[in-house]
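Residue numbers (the UniProt record's numbering), protein chains in the order written: chain E, 1 to 294; chain F, 1 to 351; chain V, 1 to 281.
There may be inaccurate statements among the hints.
EDC-like mimics (lysine to aspartate or glutamate), calculated; alpha carbons at most 20 Å apart, straight line [as the list claims (entries may be wrong)]:
id, chain 1, residue 1, chain 2, residue 2
1, E, K4, V, E225
2, F, K112, F, E126
3, F, K290, F, E328
4, V, K186, F, D77
5, F, K102, V, D190
6, V, K186, F, E75
7, V, K106, F, D70
8, V, K106, V, E63
9, E, K4, F, E54
10, F, K326, F, E295
11, E, K4, V, E63
12, V, K106, F, E54
13, V, K106, F, E72
14, E, K4, F, D116
15, F, K326, F, E337
16, E, K11, F, D70
17, F, K131, V, D190
18, E, K11, F, D65
19, F, K131, F, D116
20, F, K102, F, D116
21, F, K108, V, D190
22, E, K4, V, E175
23, F, K168, F, E126
24, E, K11, F, E72
25, F, K102, V, E175
26, V, K186, F, E295
Computed, partial: chain F to chain V, Cβ under 10 Å [what the hints assert, rightly or not]:
id, residue
27, E72
28, A74
29, I78
30, N84
31, A86
32, M91
33, R147
No lab work stands behind these hints: they were computed from the structure. Using N, Cα and C, we set each Cβ at its ideal position, and we do this for glycine too.
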Amino acid sequence: MRTKTVTFRHKWLPYALIAPQIVITLIFFIWPASQALYQSVLRQDAFGLRTDFVGMANFVRLFADDNYINSFVTTISFSAMVAGFSMGIALIMAIMADRVIRRAMVYRTLLIWPYAVAPAVAGVLWWFLFNPTIGIAAYALDGLGYDWNHYRDGGDAMTLIVVASTWRQVSYNFLFFLAGLQAIPRSLTEAAAIDGAGPVKRFVTIQLPLLSPTVFFLIVVNVVYAFFETFGVVHATTSGGPGQATNILVYKVWRDAFEGLNLGSSAAQSVILMVLVIALTAIQFRYIERKVEY
Amino acid sequence: MSNIQINNVRKTYPGGIDAIRGITLDIADGEFCVLVGPSGCGKSTLLRMIAGLETITDGSVSIGDRVVNDLEPAERDIAMVFQNYALYPHMTVYGNMAYGLKNRGVPKDKIKVMVDEAAATLGLSEFLTRKPAQLSGGQRQRVAMGRAIVRQPQAFLFDEPLSNLDAKLRLKTRVEIRDLQQRLGTTSIYVTHDQMEAMTLADQLVVLNDGAVEQVGTPIDVYNRPASVFVAEFIGSPPMNLMPGEIDESGLVTPAGVVAAPAGVRHGAVTIGIRPEHLHPASDGPLRLKVRVVEHLGASANAHGTVPGHAVEMIASLTGADLPAKGETLGLTVAAENLHLFDPETGRRLH
Amino acid sequence: MVERRPFLTFIQHAVLILGAAMFVFPIYLAFVASTHTAAEVSGGVPLLPGAEMIRNYSLVLGEGISAAGAPPLWIMLMNSTIMALSITIGKIVISLLSAFAVVYFKFPFRMLAFWTIFVTLMLPVEVRILPTFEVVAQLGMLNSYAGLSIPLIASATATFLFRQFFMTVPDQLTEAARIDGAGPMKFFRDILLPLSRTNLAALFVILFIYGWNQYLWPLLVTTDESYYTIVMGIQRMANAGEETPQWHLIMATAILALLPPVVVILAMQRLFVRGLVEVEK
Chain E
1 MRTKTVTFRH
11 KWLPYALIAP
21 QIVITLIFFI
31 WPASQALYQS
41 VLRQDAFGLR
51 TDFVGMANFV
61 RLFADDNYIN
71 SFVTTISFSA
81 MVAGFSMGIA
91 LIMAIMADRV
101 IRRAMVYRTL
111 LIWPYAVAPA
121 VAGVLWWFLF
131 NPTIGIAAYA
141 LDGLGYDWNH
151 YRDGGDAMTL
161 IVVASTWRQV
171 SYNFLFFLAG
181 LQAIPRSLTE
191 AAAIDGAGPV
201 KRFVTIQLPL
211 LSPTVFFLIV
221 VNVVYAFFET
231 FGVVHATTSG
241 GPGQATNILV
251 YKVWRDAFEG
261 LNLGSSAAQS
271 VILMVLVIAL
281 TAIQFRYIER
291 KVEY
Chain F
1 MSNIQINNVR
11 KTYPGGIDAI
21 RGITLDIADG
31 EFCVLVGPSG
41 CGKSTLLRMI
51 AGLETITDGS
61 VSIGDRVVND
71 LEPAERDIAM
81 VFQNYALYPH
91 MTVYGNMAYG
101 LKNRGVPKDK
111 IKVMVDEAAA
121 TLGLSEFLTR
131 KPAQLSGGQR
141 QRVAMGRAIV
151 RQPQAFLFDE
161 PLSNLDAKLR
171 LKTRVEIRDL
181 QQRLGTTSIY
191 VTHDQMEAMT
201 LADQLVVLND
211 GAVEQVGTPI
221 DVYNRPASVF
231 VAEFIGSPPM
241 NLMPGEIDES
251 GLVTPAGVVA
261 APAGVRHGAV
271 TIGIRPEHLH
281 PASDGPLRLK
291 VRVVEHLGAS
301 ANAHGTVPGH
311 AVEMIASLTG
321 ADLPAKGETL
331 GLTVAAENLH
341 LFDPETGRRL
351 H
Chain V
1 MVERRPFLTF
11 IQHAVLILGA
21 AMFVFPIYLA
31 FVASTHTAAE
41 VSGGVPLLPG
51 AEMIRNYSLV
61 LGEGISAAGA
71 PPLWIMLMNS
81 TIMALSITIG
91 KIVISLLSAF
101 AVVYFKFPFR
111 MLAFWTIFVT
121 LMLPVEVRIL
131 PTFEVVAQLG
141 MLNSYAGLSI
151 PLIASATATF
161 LFRQFFMTVP
171 DQLTEAARID
181 GAGPMKFFRD
191 ILLPLSRTNL
201 AALFVILFIY
211 GWNQYLWPLL
221 VTTDESYYTI
231 VMGIQRMANA
241 GEETPQWHLI
251 MATAILALLP
261 PVVVILAMQR
271 LFVRGLVEVE
281 K
């Protein structure tokens with residue numbers, strides 16, 4: 001990592017400056033993470049009286065557990081849907097807003113604020129909208145001949161958390177797509193227009209390739225969002241149900257730790273999630289390194 | 001007394017690159033010393049070592065008879081004008097000028113008196129409440145000057161302070177700086193790559209090349225008696241004509257013809273230097289120049305061409321109305337005292 | 001737009017307006033529901049606001065929903081504000097200081113320190129839930145404002161943002177300050193901090209929203225109602241066991257929970273957008 005060529009000299013000041021952050025990081029990040037690692041190879045008996053070293057047994061058990069595999073699959077399909085829908089909708093909006101020269105900022109204002117709504121609150125709002133007895137969306141669906149009930153039907157419950165999570169995430173993606181599109185010099189699209197390319201062709205051959213770093217970056221961010229930040233959506237609405245239909249990984253870690261009190265298993269799940277975040281962060285940073293080192 | 005002594009100073013960067021290879025200079029109290037040289041010659045590094053912004057690998061720097069090697073820049077009692085002015089963008093002109101005084105614990109009312117006085121000197125009084133972004137390039141330059149003079153330091157250090165100004169303003173500001181320095185009588189070191197600026201400003205001119213001193217002297221000295229081929233080429237515009245030649249019994253044999261050699265120079269191969277303005281047209285002159293282009297400068301004209309039969313390029317600076325046409329062969333003379341002879345091996349002056 | 005195509009232009013506006021409506025619709029309905037009585041809502045949500053707005057809001061703000069075990073909302077709003085502001089200010093302060101240290105000083109263990117900070121990026125709360133809870137419990141920080149905020153104020157992103165900004169500050173300014181007699185802390189306070197103003201404000205918006213919207217963390221560290229934040233409190237109401245949810249009051253709470261961050265984002269839109277794109281760059 002680079003520093004300034006012009007630096008100050010001081011014996012203890014830099015340590016004092018960096019100490020608060022390091023201390024908090026050590027106590028609340030590094031230490032708990034290492035505890036999770038440690039606990040993931042232990043097993044406690046039912047009364048918490050004995051703790052044994054069990055090696056990889058917790059991990060082996062997890063991957064032999066249908067519930068865990070199911071949760072993994074659920075998480076992946078949930079993330080794919082949230083990332084796909086929120087990016088797709090955002091891209092369409094951004095293209096439209098980019099083409100509008102005048103009121104573009106008005107539309108931006110109208111579209112960015114859902115980002116400020118907490119995932120849990122977004123969940124509750126849609127939970128209400130789709131409520132089988134009083135919700136207007138459920139009422140409309142009933143009119144179309146569909147009997148919506150997210151308390152009973154796993155597919156409906158999944159749709160609900162996808163809709164709520166997507167609704168909140170579109171604005172984030174929209175901002176980045178709009179910024180990405182606006183960073184493409186207008187002269188490029190104009191040159192393409194003079195070369196006889198229509199709006200669709202221009203988008204596919206000029207704008208989309210130039211937008212690909214943004215797309216890539218957003219895929220990572222959206223997957224991280226769907227994996228981790230949607231805890232609130234699930235917890236405030238479906239609680240993982242019905243059955244295991246919406247029991248995504250983060251929710252399962254939390255439930256196994258605080259409701260199941262299964263420490264070894266929960267720790268092993270944490271470790272697996274850690275590996276996932278590290279992988280995602282590494283991908284993201286490869287991208288950032290390229291972009292930031294100017 | 002705020003003379004500055006630089007004693008066998010060296011700078012070696014980690015990795016073994018020698019930026020300064022042992023420089024010794026003596027700058028008298030009140031003197032205006034200009035360090036000039038091409039980019040990469042170490043002039044800025046030397047200035048920054050004097051300022052305390054770069055560490056000194058070896059040797060010593062004293063300001064006013066006090067060795068300052070290990071002092072912080074602020075303790076050296078110097079002020080610096082940066083190339084990009086380095087004005088604090090969020091402070092007003094007043095704030096910029098007052099900042100150094102404030103840090104030194106000068107009482108508020110005294111600061112006000114000092115800033116007002118410096119501002120008046122530089123014609124900045126009406127701009128004191130503005131921020132740098134609201135000023136023109138020339139005004140910013142003056143604020144940078146004001147920040148330097150307000151503290152009444154022992155020395156001013158200038159790091160190419162005019163290079164961000166347009167040509168016209170640069171000329172005007174150059175005169176202002178010289179005038180200001182003479183009025184204040186503060187010892188000054190000025191770094192530039194522009195030889196015109198160096199010539200016009202300096203009491204003492206120091207030509208640097210590759211981390212070492214090529215020549216020290218008054219501008220006129222350096223101009224009239226360049227110590228090396230490097231100095232000869234660097235100082236003067238258009239640059240000095242250089243060509244290979246030889247001294248034997250007949251005199252100085254140049255590619256263009258034979259001329260009388262200056263007294264007291266050994267026989268053998270030499271590098272000949274002739275300034276364009278020392279070539280005078282004479283129909284029977286011993287030197288021949290086939291004219292390719294004539295540049296009219298108004299007061300004078302430069303005739304560019306080659307010596308017939310040789311690859312040697314020459315420029316003659318001509319005055320008067322009778323200018324040669326393109327393609328014409330011009331006869332030229334040069335007085336023996338205006339010849340500069342250098343050793344072709346070492347590049348040093350031979351006489 | 002390169003060429004003139006009225007039909008395309010029409011489509012664009014139609015899509016954008018439809019999109020915007022889609023975003024506003026849930027909030028609008030929530031607001032409508034919050035202005036009716038429980039009976040009106042339970043018969044299917046009306047589409048126009050009712051007359052009970054003041055009564056409903058003053059009820060949740062002043063008394064809370066005792067049946068759902070939720071304290072008065074003003075307490076939760078206050079807790080949310082305290083938590084969001086502590087996290088925001090805490091993060092900004094420690095990130096500013098550490099970025100200053102890694103950019104403007106060379107010192108032994110600098111790289112180690114940098115990597116320690118970097119690692120926090122890879123360890124979100126969600127992946128170390130239980131052990132972090134245990135640490136907080138052992139430190140006696142459960143049910144306290146310190147417990148709600150301090151563990152969340154270490155932030156690699158903010159540190160990186162400031163580092164990146166500091167790298168763009170011209171070196172000559174630092175040198176000028178040194179010649180003017182400013183030591184490191186004076187330089188930090190007099191030059192660097194004022195120059196970071198815009199970045200500070202942008203980060204403030206983003207971090208305030210981040211802090212306000214924390215959900216899992218307050219859920220873990222608070223069991224005492226008087227420390228509930230509104231975003232987690234709303235869940236307690238929605239899932240109030242056997243009771244029929246009082247939707248009109250829950251929606252009033254939802255509106256109050258989303259209002260502050262939405263107001264902040266809209267009021268400081270330009271800073272927010274700039275900050276967001278910068279932070280994630």
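Outcome of the hint check:
Note on K4(E) and E225(V): the hinted pairing is violated, with a Cα-Cα distance of about 49 Å set against a maximum of 20 Å. A hinted pair counts as satisfied when its Cα atoms are at most 20 Å apart, and K112(F) with E126(F) qualifies at roughly 14 Å. Of the pairs offered as hints, the one joining K290(F) and E328(F) holds, with about 6 Å between alpha carbons and a cut-off of 20 Å not exceeded. A threshold of 20 Å between alpha carbons decides the hint, and for K186(V) with D77(F) the separation of about 19 Å falls inside it, so the pair holds.
The hinted pair formed by K102(F) and D190(V) meets the criterion: a straight-line CA distance of about 11 Å does not exceed 20 Å. As the CA atoms of K186(V) and E75(F) are separated by approximately 16 Å, the hinted pair is consistent with the 20 Å bound. Taking the CA atoms of K106(V) and D70(F), the gap is near 18 Å; set against the 20 Å cutoff, the hint holds. The suggested pairing of K106(V) with E63(V) is violated, with an alpha-carbon distance near 56 Å, which exceeds 20 Å.
Taking the CA atoms of K4(E) and E54(F), the gap is near 13 Å; set against the 20 Å cutoff, the hint holds. A C-alpha spacing of about 11 Å is found between K326(F) and E295(F), which places the hinted pair at or below 20 Å, so the restraint holds. As the CA atoms of K4(E) and E63(V) are separated by approximately 56 Å, the hinted pair breaks the 20 Å bound. Restraint check for K106(V) and E54(F): the C-alpha separation of about 15 Å stays at or below 20 Å, so the hint holds.
At roughly 17 Å between alpha-carbon atoms, K106(V) and E72(F) fall within 20 Å of each other, so this suggested pair holds. Under the criterion of a C-alpha separation no larger than 20 Å, the hint pairing K4(E) with D116(F) is inconsistent with the structure, at around 35 Å. In summary, the hint linking K326(F) to E337(F) is not supported, as the alpha carbons are separated by about 30 Å, beyond the 20 Å threshold. For the proposed pair K11(E) and D70(F), the alpha carbon gap of about 16 Å is at most 20 Å, so the pair holds.
About 15 Å separates the Cα atoms of K131(F) and D190(V), which keeps this hinted pair within 20 Å; it holds. A threshold of 20 Å between alpha carbons decides the hint, and for K11(E) with D65(F) the separation of about 30 Å lies outside it, so the pair is violated. Distance restraint check for K131(F) and D116(F): the Cα-Cα separation of roughly 16 Å lies within the 20 Å cut-off, and the hinted pair is therefore satisfied. Among the hinted pairs, K102(F) with D116(F) is consistent with the structure: their alpha-carbon atoms are about 15 Å apart, no more than 20 Å.
For the proposed pair K108(F) and D190(V), the alpha carbon gap of about 17 Å is at most 20 Å, so the pair holds. Using a Cα cut-off of 20 Å, the hinted pair K4(E) and E175(V) holds, with the two alpha carbons roughly 12 Å apart. Proximity of K168(F) to E126(F) is assessed by CA-CA distance (about 23 Å); at most 20 Å being required, the pair is judged violated. For a cut-off of 20 Å, the pair hint linking K11(E) to E72(F) stands: about 15 Å separates their Cα positions.
With a C-alpha separation of about 17 Å, the suggested pair K102(F) and E175(V) falls inside the 20 Å cut-off, and the hint holds. Distance hint between K186(V) and E295(F) is unfulfilled; the C-alpha atoms sit about 56 Å from each other, more than 20 Å. For E72(F), the suggested interface contact is upheld, since its CB lies about 7 Å from the closest CB of chain V, less than 10 Å. Interface restraint check for A74(F): the shortest CB-CB distance to chain V comes to about 4 Å, inside 10 Å, so the restraint holds.
This hint holds: I78(F) has a C-beta 7 Å from the nearest C-beta of chain V, less than the 10 Å allowed. Because the smallest distance between the Cβ of N84(F) and any Cβ of chain V comes to about 6 Å, under 10 Å, the interface hint for this residue holds. Interface restraint check for A86(F): the shortest CB-CB distance to chain V comes to about 4 Å, inside 10 Å, so the restraint holds. For M91(F), the shortest C-beta to C-beta distance to chain V is roughly 8 Å, which falls under 10 Å, so the interface hint holds.
Restraint check, R147(F) versus chain V: the minimum CB separation of about 8 Å is within 10 Å; hint holds.
Violation of the numbered hints given earlier is confined to hints 1, 8, 11, 14, 15, 18, 23, 26; the remaining hints are satisfied by the structure.
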